[in-house]
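Trainee: We have chain W; now place chain B with the ligands onto it with these hints.
Residue numbers (the working numbering), protein chains in the order written: chain W, 1 to 541; chain B, 1 to 267.
Bear in mind the hints are in silico, worked out from the structure with no lab data behind them. Treat the hints loosely; a few may be bogus.
[Said to hold, decoys possible] Computed beta-carbon distance windows for the label pairs: (1) W/P155 with B/P38: 42 to 48 angstroms; (2) W/K535 with B/N5: 28 to 34 angstroms; (3) B/Y7 with W/Q467: 38 to 44 angstroms; (4) B/L10 with W/N493: 48 to 54 angstroms; (5) W/Q467 with B/N165: 37 to 43 angstroms; (6) W/G191 with B/N5: 43 to 49 angstroms; (7) W/P525 with B/N109: 53 to 59 angstroms; (8) W/V301 with B/N109: 20 to 26 angstroms; (9) W/S61 with B/N109: 41 to 47 angstroms; (10) B/N5 with W/M63: 44 to 50 angstroms; (11) W/I160 with B/N165: 33 to 39 angstroms; (12) B/Y7 with W/L213: 45 to 51 angstroms.
For each residue, glycine too, the CB sits at the ideal point set by N, CA and C.
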Amino acid sequence: MTISIDPQKTNNESLQPKGWLRYFSFSLDHKVIGIQYLVCGFLFYLIGGTLASAIRIELASPMSDFMPRDVYNQVLTLHGTIMIFLWIVPVVNGAFGNYLIPFYVGARDMAFPRLNAVAFWLIPPSGLMLVASYFVEGAAQAGWTAYPPLSITTPQSGQIIWILSVLLLGGSSIFGGINFIATIIKLRRPGLKLMQLPMYCWAMLGTSLLVVLSTPVLAGTLILLSFDIIANTGFFNPVLGGNVVVYQHLFWFYSHPAVYIMVLPAFGLVSEILPVHARKPLFGYTTMVFSIMGIVVLGLVVWAHHMFTSGTPPWMRLFFTIATAFIAVPTGIKFFNWVATLWGGKISINSAILFSCGFIINFVFGGITGVALAQVPFDIHVHDTYFVVAHFHYIVYGGTVFIIFSSIYHWFPKVTGKMLNEKLGILHFIITFIGFNLCFAPQHWLGLNGMPRRVAEYDPQFQFVNQISSLGALLMAISTIPFLINVIISVRNGKDAGDNPWNALTPEWLTSSPPPVENWEGEAPLVEEPYGYGKEIYEQK
Amino acid sequence: MLNKNIYLILIISFVFAISFWIGFNVNLLPAEASINAPIYDELFKILFIIGLIIFIGMTIAVIYSLFKFRKRNNQIGDGIALEGNLSLEIVWTIIPSIIVLLIGLYSYNIYDRMGGMKELNHNHDMMSSNSEKIWAGISQTSDNEIAINNLSIEVSAMQFAFLFNYPKGNFISGELHVPVDQKVSMKMESKDVIHAFWVPEFRIKQDIIPGQPTILNFTPTKVGKYPIICAELCGPYHGGMRASIIVEEESDYNEWFNKNKKPEVNL
Ligand code: HEM
Ligand SMILES: [Cu+2]
Ligand SMILES: [Cu+2]
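Chain W extracted, bound-state conformation (with noise of 0.2 angstroms):
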C-alpha cells in the first residue's frame, strides 16, 4: 500500500470502517479523533472517579479502617496522575480541540492528521499501563507530583511504570500541540483574519504553547528520576549527593503551567457557549486575546509558589507571590467580560448555559483562595493541607469538569444529530453543584485548623465535616447517573436536532449535523463575525 500524505486521499471512505465501528479505528478523521479522546477521557474519568469515592469512604472515619496505608497512597497517587494526564488535559485539548479547530479555521483536517491519531493512540495503552501496575508488586504512591527521595525509596517496579506512562502522555500532548498550532496559524481558509477567530482558537494558541515550552521539562525531569531509580545516578537522591529541591523547581516548572493547559481551553469552550445561549457578542474579544496571553506569560513564572516552605530565598518567595497574584487581573477581566456577556441578552436557561454559569461562581470562588495561596505568609500555614486540595478541586472540578459537561450539553446535538434531554441535564447540574460544594467546601475550613493532605488517618475532632465531604462525594458520583442514561437515550432515541438547534454562528454550525466526512459538502464558509448575535449581517441570514 501506498502511503499518501493527502488527507483527501488517506480519508478515502472506503478503506474506513462504517457507523460506529469507525470509532475503534486508526481513523485520520479530526471528529473521529475527537470522540475517540473524549470517550476514552470519560472512560478513564470514571475509574478515576471510583477511586476518588474510596479514597472517600477511607476518610469517613478517622482511622485506617477501609484500606491498608499503603493502597491508600497507591489510590490517591493514581486518582490524581488518572484525572489530570488521561480526563482532563486529553479531554480539554484533545476532544475539544480536534472537533473544533478545524471548523473554527476553514479546514477539513488537522494539519498533521497521522500525528494526531499516533497522539490518541498513546493514551488507551500507557493509560491501561498505569492502572495495570495497580494490580503488580508495589504500585507507585508517592503521589502524582513523585518528590524524590520518597519516590526513589518507595518499591520501584510501580513508579518505573508511572514514569513510563506519564512520559507517553506527555509526548501524547506535545504531539497535540504542536499540530494546533500548525493547523491554527497554517490552516487558516483564506480571507479569514487571526482577530476573527472564535475565541477557543486563542485558547488553544496559548495552551500548545504552554504544552510546547513546559512539557519537555517534565519529560526530561522524569527522565532523570528514572535513572536515579534505575541506575542508582545521584541527581536528586540526597544520600548520593543530589539536591531533591532542584526536582521540585523542575516538576513545577511543567506542572504549575499545567494547570492553565487544564483551565485555558475551558475557558475558551465558555466563551463560545455562553454567547450563543445568551444571544450577545462575546463581551470585549480584544481584551479577552490578551488576558489569554498574559495569562500564558505570567503562567510561566510563577511555578516556585508551590515551593514556599521547601526552603527558598526570601527574595524568590517575594517575586514569585507578586508574580502569581497579578494573575488574577487578566483571570479577572475575563469573568468579568463574561458576566457583560450575559448582561442583557436574552438567555435560554438549558443545561450549557447551568453548566457555565456553575463554572463562573465555583471558578471565582477557587480564584479567590488562589490568590490567598499566593501570599507567602498565607500559604505556609495551609501548604500541603485540605485547603489547597479544596483549593484546586475548586479549579479543577469545579471549573474545568463543568465547562466539560457544559460543552456535551452543547455540542452533543452537532455530533449526534440528536438533542440530550433538557430536564435530566438540568436534574444532573443541580445534584452536581450541590454534591461538589458540599464535597469541597468544608475541606477549607479542615485545612485551616489542622488536617493534612494525603493522610488516610486523622485527629477524631474533624470526623463530622469529613463525612460531609464524602456525602457530597457519594451525590457527584450518583450524578453521573442521569448524565449517563441522558446520553445512552439520546444516541439512539434523542428529538431529531437539525442542523443548527441554537441558532449559532460559529462556522461547525454551518453544516449538517453530523457533518460530513470533509466538514463541509462546498467550500469552507467565511465567517467574518462569529459572535455577531443582534447585527444586521445575521438578521439577513
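Mentor: Just chain B with the ligands, lined up with the frame of chain W:
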C-alpha cells in the same frame, strides 16, 4: 436613571456590609499560640473580607442576570449587540491591579513582621570542617542572635517520628518542651525523605529536607499542648506522623529540663 443608581449603591453597600460582618464574626482559624499567629490572622481577615466582597458580588451578578435576562416564552430575537466598552474594561483592569498590588505589599509587610525577610548569615561554624549550607526557613534570626539568648534545639525527622535534641542538656526527647514567651531556634534535618514541621496553632510550617538543614524560629505565647503534624507525604504512615509541643511556664520547663539533662561526660 436616578432610581437605578440608588439600587446599585444599595446592593454594593449590602455586599460590603455582609462581607465585613462575616469577616469579623466568623472565625475559621484555631487558637493563636505564637507571636506569628495574630499577625497571620490579621492578613487572613483582610483576605477573607476582600474575597467575600468579590465572591458575593460576582455570584449576585450571575444569578441576577440569569433571572432578569432570561428568555421569556415566545420571545424572539437577540440581546443588544454590545461588543465592548473601553472605559469599563479599563476600570476593571486597573482596579483589580491596584487591589492585587496592595495585597502583595501588605503581605510583604506581614511576612517581614513574621521575620521572613531576615538574611541568613551563612558562614558560621567556621570551626566545623564541612561548611554546610543552611536553608532559609521563616522567622530566621542571624547567628549572633541565636548565640545570645535563644533556646536552640535540633530536630531530626525520620519515617515516621520527630526527635528533638537539646544540645545544652545533651539529651533527646520525643516530645518538644519549650518555655512560654521565649524565642526558640530549631535546626531541622531529615534522615530519609522530606517531612514537614507544622503547628497549626503557631501558623508556621517548614519542610524538613534530607541533605539540606532548614531553620525555623518561633516564640510561643500561650501555655498548652499543641499537635506537631508532618505535612509532607512521607510514606504509608504519613498520617500517623505526629508529635506534641508542650508550652509551659519557665519554672515547669526548667524542672523538666533538669530531670532529663545528662551530665557532661569527660573522656
Ligand atoms: C470526582 C470528584 C472528586 C473527588 C471526590 C475527589 C477527591 C479527592 C480526594 C479526597 C483527594 C485526596 C486529597 C489529598 O489527600 O491530597 C484528591 C486528590 C487529588 N485529586 Fe481529586 N477528587 C475528584 C475529582 C478530581 C478531578 C476532576 C481532578 C482533576 C485534575 C482531581 C485531581 C486530584 C489531584 C491532582 C489530587 C492530588 C493527588 C495527590 O496528592 O497525589 N480530582 N481528590
Ligand atoms: Cu513525615
Ligand atoms: Cu509525613
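Trainee: A separate judgement is required for each hint: does it hold in the structure or not?
Mentor: These are the hints, each one checked on the structure:
1. W/P155 with B/P38: 42 to 48 angstroms: Holds, since W/P155 and B/P38 (Cβ atoms, about 45 angstroms apart) stay within the stated range.
2. W/K535 with B/N5: 28 to 34 angstroms: Between W/K535 and B/N5, where Cβ atoms are some 30 angstroms apart, the hint holds.
3. B/Y7 with W/Q467: 38 to 44 angstroms: For W/Q467 against B/Y7, whose Cβ atoms are near 42 angstroms apart, the range 38 to 44 angstroms holds.
4. B/L10 with W/N493: 48 to 54 angstroms: 50 angstroms, holds
5. W/Q467 with B/N165: 37 to 43 angstroms: 40 angstroms, holds
6. W/G191 with B/N5: 43 to 49 angstroms: For B/N5 against W/G191, whose Cβ atoms are near 46 angstroms apart, the range 43 to 49 angstroms holds.
7. W/P525 with B/N109: 53 to 59 angstroms: 57 angstroms, holds
8. W/V301 with B/N109: 20 to 26 angstroms: Since the Cβ atoms of W/V301 and B/N109 sit about 23 angstroms apart, the hinted range of 20 to 26 angstroms holds.
9. W/S61 with B/N109: 41 to 47 angstroms: 43 angstroms, holds
10. B/N5 with W/M63: 44 to 50 angstroms: 59 angstroms, violated
11. W/I160 with B/N165: 33 to 39 angstroms: Hint holds: Cβ distance 37 angstroms, inside 33 to 39 angstroms.
12. B/Y7 with W/L213: 45 to 51 angstroms: 48 angstroms, holds
Checked against the numbered hints given earlier, this structure breaks only hint 10.
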